[in-house]
Amino acid sequence: MVGVPALVALTLLLAGLGGVGLVAIALGRFPGVARCAVYGLSAALCAAMAGIAGVFLLDPASDTQTLELPFGIPTVGAHLRLDPLSAFFLMLIGGIGALCSIYGESYGRHDSEPLRILPFYPVFLAGMGLVTLADDVFVFLLAWELMSLASWLMVLGGKRDGITLQAAYLYLLMAMGGTLALVGAFALMSSESESYVFSTFRAQTFPSLTASAVIVLTVIGAGAKAGFVPLHVWLPRAHPVAPSHVSALMSGVMTKIALYGLIRVGFDLVGLPEGWWGGLLLVVGGVTAVAGLLYAMVQTDLKETLAYSTIKNVGIIAIGLGLALAFRAYGLHVLAGVALIAALFHILNHALFKSLLFLGAGAVVQATGTRNIEQMGGLGRRMPATAAFFFIGSVAISALPPFNGFVSEWLTFQALLGGVALPVWTLRLATPVVAALVALSAALAAMAFVRLYGVVFLGRPRDPAAARARDVGIGMLGPMAILAGACLVLGIVPLGGLVVLRPVMIELLPRSGAALAASDVLTLVPLAASGSAYSGVLLVGVLLVLGLGALGVVRVLAGRACVRRGPAWDCGFPSDDPSAQYSAASFAQPVRRVLGGLVFGIRDVVTMPPPGSMRAAVHKVTLDDRLWKGLYARLGWGVHRLAVEADRARQMTIRHYLMIMFGLTLALLFLVAVTA
Amino acid sequence: MIFALPLEPATLADIAQALSVGVMLCGFWMLLQRRLVNVVRTYAAQAFLLALAAAWQAYVQDERQLLTTAVIILVAKALIVPAVLNRIIVKLDLRRSVATSVGFGRGLVGAMGLVGFSMLLVFPVTTTSGALTRETLAMALSVVFLGFWMIITRNRAISQVIALMALENGVLLAVVGVKGMPLVVEMITAVLVLLTFMVFGIFFFHIRTRFDSLDVRNLERVHIIPWLRSS
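From first to last, the protein sequence lines stand for chains A and B.
Straight run, no breaks: the first sequence in the numbering used here ends on number 676.
Straight run, no breaks: the second sequence in the numbering used here ends on number 907.
Some hints here could point you the wrong way.
[Unchecked claim] If you only want the chain B side, here are some residues facing chain A, beta carbon under 10 Å, derived:
1) Trp705
2) Ser777
3) Phe780
4) Val798
5) Pro800
6) Phe821
7) Val851
[Claimed, not checked] Computed Cβ-Cβ distance ranges for the label pairs, DEER-style:
8) B:Met795 x A:Leu658: 46 to 54 Å
9) A:Thr675 x B:Val785: 21 to 29 Å
10) A:His656 x B:Asn762: 26 to 34 Å
11) A:His656 x B:Val713: 25 to 33 Å
12) B:Met795 x A:Leu141: 47 to 55 Å
Quick caveat, the hints were computed from the structure, so don't treat them as lab data.
Note that CB positions come from ideal geometry on N, CA and C, so glycine has one too.
Chain A with its partners taken away, still in its complex shape:
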């Protein structure tokens, strides 16, 4: 690097991003100028951030850097630190942030109230960046809250309606609750080490009970932000109502920053893990992975479906992290490295394809004016470019080769298969179960995205708005194209991701150097001994040869008659009405039938009219979310009861107050007498 250390440059860039928020306010009278300025500057600063972080990560000579700023809590100051882990996440924020900023410039053009979003957008990016650089409790929590509040304001800024308000309120409550849990975790570490600085935590060995409590609190705190079931309820409501480029950042990057918090605490700060921590994450991850997609299957809101699929992917990452912790706890360092790489790779991949899908969804929503997929259809003809990119995203997220989603899920499987090496029978039994859950979730993901892509882009338009849809401009297609390209490249040449991830792995698990060491440009080899390997290049080659070969054979055998036109199958209903098409609800029907009653409490009730009656038969589907009813509704009821009781205490007579005072005095005196 030239003169200025990377950390200083990154800090200045983050401060610059914060300043861009002020620019938006200063230019408030000229919304068009403000939009160009904010998104342009954000894109430039984010790109610079990604570049610097990338150079830091790839340069073998670079060393961890620290910086102490003279503000923050008196006598503590503000500590910043740049290491490979934070550089990786900064790269993610910078890269996706830059693309989303470019997209947002075009997307926000039709926004009637741009100032409800513009000032908070760069602050949100800066907050996420600062979380990764924080090296003391104060800076970390400040940045965490900055990120939460800025994104909350943007959720609130989406539209002026009841659903938005409700979603934002729920998000705020959950974010505050999560932060409270994190404050608890940091307070435990601080009181044990009598310091607020992370470097002291690193040097400290925490007692087993403290460390376990810290991990549980962190899983709750970070999990509430990342969307672990059952703390996910806010995510599918809040993510979709924000503007699409913000949804992309929230779903693609902010959930990852939450997981960064978990990695930072679990792998870096609390010291050596205990076996059951990994088990906890495995179970949470497995449940999250399957539940997220089951919910995704029955949604009819395009962006909400994507948000539920985010929950699934967070579950997969949690499984990878849990495995890494478990392997590390029992000294299986190389396997731990594989699991950690799998988790980090999935973080990278999910950030890429989920942002791509949300940006694509934004284009669709802007073109059709609705988020309800039952009103779409046939958009593949009207918006070919968006359809192509959305297709790539769908294939990638369904973990199909040769795209990047396959690589990281395959690596997660490799790590899960290594679970037999664990010396504890509970974990040894848990890994195959979790592997089955991952497999189920992968299958469900494929199903959900077939449904999503099919209903949105294939068939015929179900609504006049969808029939009039036009493809979006280059400003929105460009970022999607880059993301789609990245999905393909990482799928074919996974080494591209590996060179970035290995330094992080070596930093967090210093003795795991052998993991994936045998990989080269052509093949990905998780463990030299196991013999399993993945070669994207080979796969693409085989696919191409087979595909072209089949085409050639058909051409040769069928001659000129290889294209034949015939009537499409109409399910036995010869109706030309678009509403007779296979709909999103039809696709979801099998899953709903099999698992709906168990998971969502869905009931299908068909009321047939008596014979002879002219009344129409009624098919009614009722859904009551068991989790919401069982957990959140009760919690809300409890809080309400407490409030009512507290209100009663507020209206007591003066004699009751005196009685309470007197009773308390007596109790305190009694304490004195007992202790004396």
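Starting from the known structure of chain A, arrange chain B on it as the hints suggest.
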């Protein structure tokens, strides 16, 4: 000593103790009264005993300023305050029974429990002090507790004011009973000023008695004079 009495030191302590026990018993007696006039009389008796106790302490501790205290207590608390209270009772026609929220029997049992508690409390805490101080403190704390108990168990504001002043008698008992307490006279004068305000504050206490609440909105709904009469 100003003048020597032919008494043993143990006897001196016994007399001091007897006086403080008398103050405490007056507190009990007050709880037993069913008529407001008698409550005021008992209060006057308590204040008189307190004045005696202060004077006795002045003799025992050889502190002349405690004599001043005794005189202030005698004049203000045993004579003027009861007279003023009697006038209020007559003027507002309050010579009816005290209204209690807890029955006399249960009230007495509670009071006994409180006295026992104050003994149990003071004895272990003050193991380093002399026997006289400890017993006086125990009595004083009992009187404070009894005063508080009376505030809680009485409904009428005027009984609560009397109870508050009885409680204050307990504080004074502690102050005069402990050796070497500085600024006793000044403190007692200040407390008296405070109490004067309390007695004037009886008017506001009436609002609470009447409505069992501090909500001033109630005042908007009623005429002042009738409710003053009726309580």
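25 to 33 Å as the expected CB spacing between Val713 of chain B and His656 of chain A, which holds or is violated | 29 Å, holds
Does Phe780 of chain B pass the interface check with chain A, least Cβ-Cβ distance below 10 Å?
-> Hint on Phe780 of chain B: violated, closest Cβ of chain A at ~17 Å, above 10 Å.
Given Phe821 of chain B as an interface hint, is the shortest Cβ-Cβ distance to chain A below 10 Å?
-> This interface hint holds because 8 Å falls under the 10 Å limit.
How about Val851 of chain B: closest beta carbon in chain A under 10 Å, or not?
-> Where the cut-off is 10 Å and the nearest Cβ of chain A is about 19 Å from Val851 of chain B, the hint is violated.
Assessment of proposed distance window 46 to 54 Å (beta carbons of Met795 of chain B, Leu658 of chain A) = 23 Å, violated
Take a look at whether the Cβ-Cβ distance between His656 of chain A and Asn762 of chain B falls inside 26 to 34 Å.
-> 30 Å Cβ-Cβ, so the 26 to 34 Å window holds.
With 10 Å as the cut and Cβ atoms as the points, is Pro800 of chain B at the interface with chain A?
-> 5 Å, holds
When the nearest CB of chain A is found for Ser777 of chain B, is that gap smaller than 10 Å?
-> 7 Å, holds
Using 10 Å as the Cβ threshold, decide whether Val798 of chain B counts as touching chain A.
-> Because about 9 Å separates Val798 of chain B from the closest Cβ in chain A, which is inside the 10 Å limit, the hint holds.
Beta-carbon spacing of Met795 of chain B to Leu141 of chain A - inside the hinted bounds 47 to 55 Å or not = 52 Å, holds
When the least beta-carbon distance from Trp705 of chain B to chain A is tested against 10 Å, hint result = 21 Å, violated
Using the C-beta atoms of Thr675 of chain A and Val785 of chain B, is the stated range 21 to 29 Å upheld?
-> 27 Å, holds
When the structure is compared with the earlier hints, violations turn up for hints 1, 3, 7, 8 and for no others.
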